[in-house]
Every structure is written in C-alpha cells, then in structure tokens.
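Undergrad: Below, each chain spelled out in residue letters.
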Amino acid sequence: MKDVHMPNDVELITIPGNWNFDYRYFAGETASRFFAELKNSRRIMGTRCGKCRRLLVPARTFCEACYVETVSWEPVGEEGTLEVFTIVAAAFPGMPPPPFVIGYVTLDGADTSIANFIKGVDLSDIHAAGKSLLSRPRVRTVFSAEVQGRITDFHFELI
Amino acid sequence: MNARPVYLHGAATSVGWGDSRRSLTDMIFATVTDALRQSDAHMDAVDSVVIAAHDLIDGRSLSSMVTAPAAGSYLKDEMRVDEDGLVAASFAAARIEAGEARLSVVAAWGRASEGAPDSVSRVGFDPAFEKPLGLQELDISAVRLSAWLARYGDPGDSRAAATAARSMRAGRSPRALRVPSRDSVLAYPLRQAEGPKWADIVVAMIIGAAPSPVRVGGVGHATDLPRPGERDLVGMPALRQSAEMALRGSARGIDSIDLFEIDGMTLVEEALALESLGLAAPGHAFEHYALAENVNRAGGSAAAWCYPAMGLMRLAECFHQLSGTAGATQLDTAPRRAMAIGSSPLGAQTHTAVVLERA
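Protein chains in written order, with this note's numbering: chain A, 127 to 285; chain B, 12 to 370.
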C-alpha cells in the first residue's frame, strides 16, 4: 500500500485543529439554591435522602444510590475531615500555580464529601505534606471576601 | 429464548505514536483488515459493526462521517458507543446472542498524539461543582491512592516492586509502544512510573456465531456513583459487581479464571482492582500485583494507553493468551479462562467485565 500511495517526494501534511465552543450550563433549581446559600448566607447546605437518610453535600435533587428525590435542606458544619486529596503538579490555565492541594472533605453532619482547594498546607516538602494530609486532618471552611455564588466562593484550611 | 454462543475469531492491535504517514482512518482500516485476516474472514461476510470512540480524544465527533466506514460500516448494521471498547464488544456479543447478527467487527481507538487527552478529561467533571477546581482524570487516580494509603499506610517496597513488574511485563509485550510519547505530570501521591504510556491505539476484534476455539462465557456491567467524593474509591464496587455478573453468566467462580487483564489508567487502578476482586487481601494490592504472573501479562497501561480503546485491548490480550498467540507474554500453560475488565472515565465510574473461555 505504501508504494502506491506514498511516493518519496510527497510532503506529509499535519493540519492544526482547535475546538473553542461556548456552552451555558444550567445549574438547575437545587444547585442554584446551594450557590445562593453560599453567596447570601455563607453556609454550605445539603439535602437529605428520605430513604437512606444520608445528608448529601453538595445539595442535590435526588439521591443517586436510592434513586428517590431528596426531602429536606439542612446546613452542615463549618468544620470537617479531609478524606482524600491530591497535590496537583500540572499547570492549567485558570488554576492556581502548582503545587496546590485539592481534597474531598466531609463536613460535620454530612454523609458525603465535597471537593475544593485545601489551603494553608506547607508544600515546601511535597512528601512531608502528603504524609501529613494522609492522617485525615480536620479542616475548616473559609469564605472569600467577595462571594459570587460559585464553588470557588470558599476553600478549606487546615485547623 | 436460549442465547446463542458467541465466539471470537481474531484480534489485531495497532500501537504507535504520532506517525504522520497514517491518518486515523488509515490506522482503523489497517487494523480491522488485519483482524479480518487473522480470522480468515472477509468484510463481505460481516453483518454488524460496533465501534467505540470518543469525540474529544479523536478531535472529531463520534458521529463523524469518516471513521465508521474505515471500520467497515458501509451498508452494515452499525452501532457507535462513546464508551470503553469493551462495551462495544458487549453490544456486538448481544446482537449475536440474539441471532440478529452472524459476524461482527468490533473496533475501538484513541489517538493521543493528535490532541491533549489530559486536558480534555477535565470536561467530564460536573461543571458546577468540580470542573472549576481543574480536576483531571489522573487527579482522581491520585485521590484514589490517597484513600488507600490513608487506610493501609505505606506499603513499603511493594509499590516499587509492582511498578517494576509492570514495566518488565510491558517491556516484553509485542503490543507495547517502544518509542517516547507524552509524559503526563502526575499529581501526588502518584509516582511518575505509575502513570500511563500514552499511545495511538486501534484495536479490532472479529466475533461471530460460527464456532471457534475461544468463546464468550459471560459479560457484566456496573456503574458507580457520579461524584468521586461519594464513591468507595478503594473498594471499587462497580468493578467488583461487573466481574461478579460476568462470572454468573459463565457459571464459574473467580477461582476458575486463569488470567486477568484489567484496564486502569495508572498502576493504582490496576492493583486496587485485585483487592476489589478478592484476589489480594485488603492492603496487599501492590504486593499481589508484583508477584502475580497471571495479572496484566502485557504490562497494563505501562505498555500503551489511550481511552477508549483499552477494554478492547485487554480483551484482545485475553484472546491471544487463550489462543496461544500472545507471543513473548504467553503464559507457559495456555489458560482455559480469562477475564478482561474495562473502565470508563471519569475515575473509572463504569466497568465492563468479560469472561472468555476455550471452547
């Protein structure tokens, strides 16, 4: 096949490509209220499943495990436990310069964890920092001075 | 209605990196043609084509007009899945079991050299809650490892031993990429050698109703919860459930499986799967992975990796082992039964397991 299709003097062509499409994601009523609570009340809310009784954070319309609608809204504590984490080493536009920590935190009263940046970690020695974070430390929620009703309105800091 | 048996006739794998001599469609055509040749089959006899591809990996829509015909879909009964290639094999097998097809091409591909698979994985996260944090697929693997380390502590030398074993197995695989490709920047606590070897991969298999030496014993699927923070990242219950379903279909227990080919983006998913399956005791995943000769004989994601071809690649490895055609990775005694496990992003939420057995 090569002999038929590829004479030696033909330049191989590489065509550049780029996708840059705009989307608008509708957060929906439940997530919108969750973000409104962040912005207006500076508190994190969950919704409780009427079947398994778990308080799901962030709030959601239905419990995926039980496949039923959630039945009530409840605030969770400002403190919690860092369950799992990663120390990100790759740079990406719009993100903080690496290294930085992202973790999943179970806030007091909640039955699921929520992801956000973990700040206040000494990252001068990555391995020492990692070893410390593996102990599932306690963290507290810290809201930004200016809130916009987005997940980035708050982060967690080690206590 | 009794399901008809499903047999595997041939498999072909194409692995490379940034070869500008071949377009994606050239690669697909060449690999499917090779699989047909291995199967002593001709496209004229094929009545079903099932393909697995991913818009953002390909940089082309799955509904692209050009890739499916390269797999032989012209005027054929064709299905396209935006999922792991093992799902495509499952769909093809279902058509044959139902008597709606006699001979099927199953093909899956991903060409990492054309795009930025690390970056595109970010779009799979929830746009309200997790995407703004910049998480990518490899970060979930790191988070999974942190959960395991928090539970069991530092496994000592066994993690390095598992990495070395995986690298050694990849080194002898005839279907491994042997040229430099792209290195991902891995997040702590992952180590660089635990990551995937990005590659351009096309896998094609021919399956059908006509008897052959290898048949499908059982198939299972399961999906985990959507948010990584809500999942049992260590237990991987969807993986376990898919395997149990496939074993029930084959009316066999896991002890009857002689070979496991498990897809994971990093060593972490490959090793922790052994605990999920009950093959390794809790806390001994890496130790078991290092010592087990019947796990990922071809080196797993250290040999070559690109979503969504990997589940089908694992199935092809099982087929080669059962057929005695695995080459340098062939088990001394050809196995009677093998299990392939495929997974989907993000964070291996969905798993498919297929049991193959010698007919």
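FYI, nobody ran anything at the bench for these hints, they're computed from the structure. Please note: incorrect hints may appear among the correct ones.
Only pairs whose alpha carbons sit at most 25 Å apart, straight line, appear in this in silico BS3-like list of lysine-lysine [what the hints assert, rightly or not]:
hint, chain 1, residue 1, chain 2, residue 2
1, A, K165, A, K177
2, B, K142, A, K165
3, B, K142, A, K245
4, A, K257, A, K165
Negatives, chain A to chain B, calculated, CB over 12 Å [to be verified]:
hint, residue
5, R179
6, R262
7, E272
All of these numbers come straight from a predicted model, not from anything done at the bench. Ideal Cβ placement from N, Cα and C applies to all residues, glycine included.
Undergrad: Given the hinted pair K257/A and K165/A, is their Cα-Cα distance within 25 Å?
TA: Violated, at roughly 34 Å.
Undergrad: Hinted pair, alpha-carbon criterion (25 Å max): K165/A, K177/A. Please report holds or violated.
TA: Outside the cut-off at roughly 30 Å; violated.
Undergrad: Would you say R262/A is clear of chain B, with no C-beta pair closer than or equal to 12 Å?
TA: Its Cβ does come within 12 Å of chain B, the nearest being 6 Å, so this is violated.
Undergrad: Minimum Cβ separation between E272/A and chain B greater than 12 Å?
TA: Fine: 16 Å to the nearest Cβ keeps E272/A off the interface.
Undergrad: Sort out whether K165/A lies within 25 Å of K142/B, counting only the CA atoms.
TA: holds (19 Å)
Undergrad: Is the nearest Cβ of chain B still more than 12 Å from the Cβ of R179/A?
TA: R179/A clear of chain B: closest Cβ-Cβ about 15 Å, beyond 12 Å.
Undergrad: Does the structure keep K142/B and K245/A at a Cα separation of 25 Å or less?
TA: Since the Cα atoms of K142/B and K245/A sit roughly 18 Å apart, the hinted pair holds (cutoff 25 Å).
Consistency note: the structure conflicts with the earlier hints numbered 1, 4 and 6.
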